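> Turn these sequences into a full structure, and let the hints guide you.
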Amino acid sequence: MFFYRTLISFLQDDEYRDLLITTIMIVLVGTLTYHYIEGWSLIDSLYFSVVTLTTIGYGDFAPKTDGGKLFTVLYIIIGIGMILSFINTIQHHYTHMRYKERKEILRKKLKKQEKFTD
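Per my numbering, the sequence shown starts with residue 1, numbered consecutively.
Be careful, since some hints might not be right.
Stated by the list, open to error - Under the rule of at most 27 Å between Cα atoms (straight-line distance), these lysine-lysine pairs were calculated in the DSS-like manner:
no. : residue 1 : residue 2
1   : LYS100    : LYS111
2   : LYS112    : LYS100
3   : LYS100    : LYS115
4   : LYS115    : LYS103
Claimed, not checked - Between beta-carbon pairs, the in silico distance windows are:
no. : residue 1 : residue 2 : range
5   : LEU20     : PHE116    : 41 to 47 Å
6   : LEU84     : LEU106    : 29 to 35 Å
7   : ILE24     : ARG107    : 36 to 42 Å
8   : LYS64     : GLU15     : 36 to 42 Å
9   : LEU110    : ILE8      : 23 to 29 Å
10  : ARG107    : ILE76     : 41 to 47 Å
11  : VAL73     : LEU42     : 19 to 25 Å
12  : GLU114    : LEU42     : 57 to 63 Å
13  : SER9      : GLY57     : 31 to 37 Å
14  : GLN113    : HIS92     : 27 to 33 Å
15  : ILE77     : LEU32     : 17 to 23 Å
Quick caveat, the hints were computed from the structure, so don't treat them as lab data. All values reported here derive from a predicted model rather than from experimental measurement. Think of the CB as a built atom: it goes at the ideal place given N, C-alpha and C, for glycine as much as any other residue.
Set out below in structure tokens:
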């Protein structure tokens, strides 16, 4: 339930939503570019885009064309920063929501204790 509330609050914030859309667009651009330049299937192109941007780099795919190699260099330079920013933002938002939730729980507990001590 907490995850669902966090996700909804994340998507309701314009700044977070814009970052999500930008991240999706970067992955989409990479996917379509690899599909057309390298001739890979859309699934393979999506897979390579995500593996590249998350710096996992299994090594099972690699661009063969000069255009694909050049695009990959630019894609990594631009895309990794965006992906890291996106992941960091999600982590920050999640931590903030957990903090607010715990603060509310403590507030309720203190309020109950005050009732018993009165």
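> Looking back at the hints listed earlier, which ones does the structure fail to meet?
Nothing - there is no hint that the structure violates, so all of them hold.
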